[in-house]
Amino acid sequence: MAEIATLWRPRGAWDLYAQIGRHGRRDGPAGLIVAPREGLALASITAADGAGDGLAEAIRARFGLSLPEPGAALFSGETGLVWSGPDQWLALAPARGDLDGLGAALQNLAAVADQSDGRAVLRLSGPDARRVLEKGVSVDLHPRAFAAGRTAVTAVAHIGVQLWQRDDRPTYELAVARSFAGSLWSWLEEAAAEFGCEVRASA
Amino acid sequence: MLDRTPTFPLPVREAEQAGPPQPFRTASGGLIDRRRARDFTFDGRQLTGYHGDTLASALLANGVRLVGRSFKYHRPRGLLSAGSEEPNALVELRTGARREPNTRATMAELYEGLEATSQNRWPSLAVDALSVNALLSPVFAAGFYYKTFMWPAALWEKLYEPMIRRAAGLGRAANAPDPDTYEHAHVHCDVLVIGGGPAGLSAALAAGRSGARVVLVDEDFRLGGRLLAERREIDGLSGSDWAAQAVAELESLPEVRLLPRTTLFGVYDHGAYGAVERVSDHLAVPAAHAPRQRLWRIVAKRAVLAAGAIERPHIFGGNDRPGVMLAGAVRTYLNRYGVLPGAHPAVFTSSDDGWRTVADIAAAGGRVAAVVDSRPDVPVALRRMAEAAGAQVVAGGQVIGTRGHLALSGIEVRDAYGSTLRIPCDTLAMANGWNPVVHLDSHLSRRPVWEEAIHAFVPGQLPTGMVAAGAASGRLTLADALESGARLGAEAAESCGFAAETAGTPRTDPESTAHTPLWRVAKPRGKAFVDFQNDVAASDVELAHREGFRAVELLKRYTTLGMATDQGKTSNLAGLSIMAELTGQNIPSVGTTVFRPPFTPVAIGAFAGHHRGKEFRASRHVPSHAWCLENNAQFLETGLWLRPAYFPRAGETDWLQTVVREVETVRSRVGLCDVSTFGKIDIQGRDALTFIERVCANPFGTLKVGRSRYALLLREDGFVLDDGTVSRLAETHFVMTASTANAAKVMQHLEFCRQWLWPELDVQMVSVSEQWAQYAVAGPRARDVLRKIVDPQHDLSNEAFPFLGAAEITVGGGIPARLFRISFSGELAYEIAVPAGYGDAAWRAILQAGLPYGICPYGAEALSVMRIEKGHAAGAEINGQTTARDLALGGMLAKKKDYIGRVMKERPALTDPERPILVGFRPVDPSQRLRAGAHFLALGAEPSLTADEGYMTSVAFSPSLRHWIGLGLIRRGNERHGERVRAYDPVRGGDVEVEICNAAFVDPAGERMHG
Amino acid sequence: MRYSLFSVLGQALRGQRDWKPQWRDAAPKAEYDVVIVGGGGHGLATAYYLAKEHGITNVAVLEKSHVGSGNVGRNTTIVRSNYGLPGNIPFYEHSMKLWEGLEQDINYNAMVSQRGVLNLYHSDAQRDAYARRGNAMRMAGIDAELLDREGVRAMVPFIDFDNARFPVKGGLLQRRGGTVRHDAVAWGYARAASDRGVDIIQNCAVTGIRRENGRVTGVETSRGFIGAKKVGLSVAGSSSLLAAMVDMRLPIESHVLQAFVSEGVKPLIDCVMTFGAGHFYVSQSDKGGLVFGGDIDGYNSYAQRGNLHTIEDVMEGGMALWPGLGRLRLLRHWGGIMDMSMDGSPIIDRTDIGGLYLNAGWCYGGFKATPAAGFCFAHTIARDEPHPHSAAYRLDRFATGHLIDEKGMGAQPNLH
Amino acid sequence: MRIRCPYCGERDNGEFSYLGDAAPVRPDGMDASSEAMHDYVYLRDNRAGEIRELWYHAAGCRSWLVVTRDTRTHAITDVQPAREVAKTRRAETRLAETRTVTPAGSASHA
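Sequence lines, in order, name chains A, B, C and D. The first sequence begins at 1 in the UniProt record's numbering and counts up by one. The second sequence begins at 1 in the UniProt record's numbering and counts up by one. The third sequence begins at 1 in the UniProt record's numbering and counts up by one. The fourth sequence begins at 1 in the UniProt record's numbering and counts up by one.
Any given hint could be a false lead.
To be verified - Heads up, simulated EDC-like pairs for lysine to aspartate or glutamate below, C-alpha to C-alpha not over 20 angstroms straight-line:
#: 1; chain 1: C; residue 1: K64; chain 2: C; residue 2: E220
#: 2; chain 1: B; residue 1: K72; chain 2: C; residue 2: D286
#: 3; chain 1: B; residue 1: K895; chain 2: D; residue 2: D31
#: 4; chain 1: C; residue 1: K287; chain 2: B; residue 2: E553
#: 5; chain 1: C; residue 1: K229; chain 2: C; residue 2: E212
#: 6; chain 1: C; residue 1: K20; chain 2: B; residue 2: E542
#: 7; chain 1: C; residue 1: K20; chain 2: B; residue 2: E553
#: 8; chain 1: B; residue 1: K745; chain 2: C; residue 2: D295
#: 9; chain 1: C; residue 1: K52; chain 2: C; residue 2: D384
#: 10; chain 1: B; residue 1: K523; chain 2: B; residue 2: E511
#: 11; chain 1: B; residue 1: K301; chain 2: A; residue 2: D140
#: 12; chain 1: B; residue 1: K614; chain 2: B; residue 2: D180
#: 13; chain 1: C; residue 1: K29; chain 2: C; residue 2: D195
#: 14; chain 1: B; residue 1: K704; chain 2: B; residue 2: E542
#: 15; chain 1: B; residue 1: K745; chain 2: D; residue 2: D21
Hints are computed from structural coordinates only; laboratory data are not their basis. These numbers were taken from a predicted model, which means no experiment stands behind them.
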């Protein structure tokens, strides 16, 4: 069925919403740079009871990273582990399929569930990124309270999100359940309008 | 206009002043920008003020003193104050959809083109027909309406109440969709400083210099508070220059955020505060992309309350006449705005600071008609100063009445010897002491305490983390404000871990705040108002006392004292003091003044922020959403989801026609439906099966790997929580589905069971609802279609993959997918799950693969029709009021295990055979339509609650049977198949004879889905 | 003095000099036939009907603060009888009928205003649920109309029909529903009860309930022991605290419900309207303020105040339904303590302790019930048996399963 | 109101949903009496004062929490993960049980 096979291409979670180009205020440099992160590999890892050290070891073997403490996110390049709840982490890798086999590798240590398509992720940067996020995120994002390597599971505009900071420029990444992408974008576009917002191609 | 024209020559206007003359503007001075004229209108009259004016100051500069009409008696009213405590000068600001009623002229910043209109008057402000009410004021005493308008009873709603409602209310709301936007923002800080006067600026400086994160909010558009309004010196600088210098330094500190034009309206638990920033209210319309207002949610470790104090009026006859003002307000208009409110001002004071008014007027080159001090001893220096300004000085006297109609023309004064003097004047400045702003600290149910030294309430036990500085704490001198602000700001920073240096307190010029309060003038001439806005007079307080409304809350509610839009900022204490006098108690024994949030009224739009219109709540989109948009799908809201409801084709004229076609296609050929909205919960772990056994009411011990089973969940009280399926993908790996509406609730419930009830179970649970796009492929040709989608190594034959099979497969050449052979429609059906990113592709691929078989997409409506045809319970039946037995599912309940709801479902009333049970209904006359919500009655029974036998839960037009069918709950329904009853629906005029039947209307043996 | 236009005009000429206290501020006697704990609307109404219907006038109402200081003065003033379950329907309709004759009965203008209560629906499923309820009302002889979208538009043309997240599809209207001036209900009952000989004792907090041989003998109070043959508890949010004095645990939690009023404006809305897709309901008072509310904060509280999250939730509902509210300003918000029961319905019953009676569990529906709650509670106290209209409000229904759960939320008080 | 989630830090109460008093203990097992279950499901102390209560961090880490809070003032003095509290309670109950009766081979989920 060749004609069917050609149809099997994934669709970006932000396709319908975050259109590439300039939004909001037009003059001057954009205060917020938005880059949808499509095609990531994501998986939730939930530790089995008593897996502790064994899991940490297996994770280190696979990722070269330790298991982040609550509120922490650890990255090695574009691969990382983001704490997402007690005994639970979100693993990220740059390309779909990169986390295949993780479940088997962590057999009896953790439950692994693919979330590559379940979360829609945006990378947010630019001089006003924090000011934009402050409009929706009730967590303190001041550098004294939230810096590179920190994460928070919280809500923006009544939408559950997970946020982590990648660097101190600052660059943030924001993950939202895929079905909410449209509404999250509506909020973000409005919040960023006064600063100007530029959507770039998938990072 | 009938305003008096000035009768004394004003100094010559300076050349650089822009715009037409403003008769009451001083020649120089003030913090306005005289080069930037601002044209505005009041009741259509063209006027000009300056940048830096408020509407109030600009009106006064133009000699406009009649600004509004009072609520009840429609008495003429002017400006009482210069701040947010203003009770009188409420106007309609702007026009059209932006019209804002009840806007305090004292807080409205003047902008070019401002349009303001007076309110609560007809036909005009000067000639108001309802001012006749003032003549009836002996009748309209407090609470008179509780005693009359009762006969005849019918006239209350027809005549009296409409009349009262028309007369009540102040301004007119626009009642058109607000064209502006609002937004929210969050800020966290170490030290929140509330108020930008001398105490607040000092606190912010002390805390800010330490490196602490500081937020300073002030409702004014310019920071400085009373420093802008008084002629004071700090370290040799004028007060306003000192404030400007402080602001400049604060702006230079990176961790200090200044929020002028921001009112801290509410104090909430645990250091949370609400504030509203008027981002664009000083503009004609907001700038592009800017909101009108921004609601700040502030979280602070410490707060310094430096909100200042509010001056108290005197209570004497006619004290509401336009021209009678608070002395501090007179100084504000003079010193900050360069406006001398009248040509012949007089001063009525009970405190030393009232005399500052005299000095300031004199310094501006004005003359003072009289100074009446209620205290007998006036220092010689003050007397000389006043006399130099032309004033007649009356020591130990009291103003007892006023003269004039629409504006003050004179006062009646009773001197120390009891003689009455008449003194012409056009402005009266009242100084009767100050009340610390205790509003915010009482938001957390804390009561202020009486401070005898200043005859006022001061903060009592403050909310955790809050301290009060300056006038807000009862320290009324400038020196105290600067000292306490700096000290408390430093302490607040230190308690957050910062090292704060306490710089020396600045030097100030000397001042005296000596004050002997005059709670009310004895034997006033005319009505003496306590609450100006609600027209509550001292006599109303007396009446409340007489009728037993003596507790402060009863006084307030009976007389409405303090219940107007100013919440009694200038009146509550006066009311208390009169009640104290009447009951022979001291003021704190009568009660305290308690204020509720918000501090000043806040636009409802600001609270809602982004969440209005379509953005009221998020919209969740299904994986096939793009295709649905391209193909004219009609959507249905289910919780937050937009589910495709049906897919009309060209030529189809109503929804039913479309739904019938979709159902017929599924029943005869094949259809495709997006069921991704169901919750999907991944459950793994050594004890996963044990866990599932405990949360589900039906048994799972025998569920094999590769199989799915219907799952019934009860609440602990024995009623049905939800239903779904559990599929066993591996020995310790399950996936449970939950209904769209209940998905989040079920997840929370399962987490409760896992974490709290049975923490010893080793179970890992995560929602995978969003990961998988899940589609039902249903109909006799479903297998044929899927065969073209599923990768060839998977055997889809009935033998290899029978009904209730579950498997992890691949599609499209290796894309991981899951396949479940479950059927909601009763047809041969599968649910196929693919990663949501492939959802769009899979949808299109299945439709393409199904073309030869006549596939069509079907929506939630057709899905619902088919489940009713099959007699499956859904949301209308699983409504929280039904048990498993009610839903005819009692037979599947496990007997040999404990599970949630097991015990409580056995209560006598829940096992009563008389309880309605789910059965099918069909109209005896097949042409008749059924409606859900109809109640069942025995044929011939009169409608009554006792005759009520149950109700119809769901109905559909069955394309298979070509007539309407229904599901419903009816007493002993399972024993009554074939019996006829009435389906009675009076709210829609329905009354249909129906026959009770098996709920499974189509394929009752369930052969099709096994095929 | 009887209240009438003539007495008002007469007093206008006499400088309002002759008005007397509206109720006697009584000092406690040593013993009463009946002591009602709680001087709110329900307690005062109970005392009034004990005197009026049962001739029992040796009655004291004990109030820890002042008359009407609890929920009767903190609610959003709505009255209606648009319930759907047979346990509730006759009771609330009885209440509605009492409202309809209240002012003439007690000679006090409580401004009973039958402006109509309109519940909006936003989906077919919600329409059918409303039809079910409306039909039940009609079968009990109560007025109910199911309006379509155009019917709603004719009543409230200003709400969002065009750009709503959850479009309005119609509404269930009870025209006889409406509003009543809440404080006046407390004062009117206080005055009427006092006139019939009831002692209203303010600033009298009950600190204990004395029992002998399984029967109450009186109450300990901040003003001393007061003997009583019968004691009726009518203390809303404080019910569990009183019950604890006799070692009873109730199927009740106390929660905070916030209410709101806007600045006064000229008439905007002429009915009570509830949003069916969010937490918001609104009416306009005779004084011009929009009175509105939403959901309870959701946590146990005795603090009489709530938090910002709920406030925003209510305002969002308001703006979603009625976009013209944007520039109107919120004037005040406050909280009351709701006695949230486990099935969302009240309890009017005897207890296992002789002479002790309970009126509680009103959730946020207590105000509209005031007359009937007083009437039926008085009956229960006087006759030692439930009134037929409140027969379903038994304390043992949680054990027997005769629940009255209008919302189907189960044993979770904060969801009712 | 601000609740300090032991995992996520201090958050607005809007992120949490509420269940109620944490004191009632579910009578597990086939021999649970309907009276005990009735009390567990329906009866509450509803104290005015400090209580331990269950909150769910719905918009955060999805932990159930045991929050010690004063219902008169809203003051919060302690927040614990519910699962840890429940485990401790289980262990204590088991210890108490083994002290009184020692059932041979009682079912456990080792």
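Comparing the hints with the structure gives:
| no. | hint | verdict |
| --- | --- | --- |
| 1 | C:K64 to C:E220 | 12 angstroms, holds |
| 2 | B:K72 to C:D286 | 13 angstroms, holds |
| 3 | B:K895 to D:D31 | 13 angstroms, holds |
| 4 | C:K287 to B:E553 | 18 angstroms, holds |
| 5 | C:K229 to C:E212 | 11 angstroms, holds |
| 6 | C:K20 to B:E542 | 12 angstroms, holds |
| 7 | C:K20 to B:E553 | 19 angstroms, holds |
| 8 | B:K745 to C:D295 | 18 angstroms, holds |
| 9 | C:K52 to C:D384 | 17 angstroms, holds |
| 10 | B:K523 to B:E511 | 33 angstroms, violated |
| 11 | B:K301 to A:D140 | 12 angstroms, holds |
| 12 | B:K614 to B:D180 | 15 angstroms, holds |
| 13 | C:K29 to C:D195 | 17 angstroms, holds |
| 14 | B:K704 to B:E542 | 83 angstroms, violated |
| 15 | B:K745 to D:D21 | 19 angstroms, holds |
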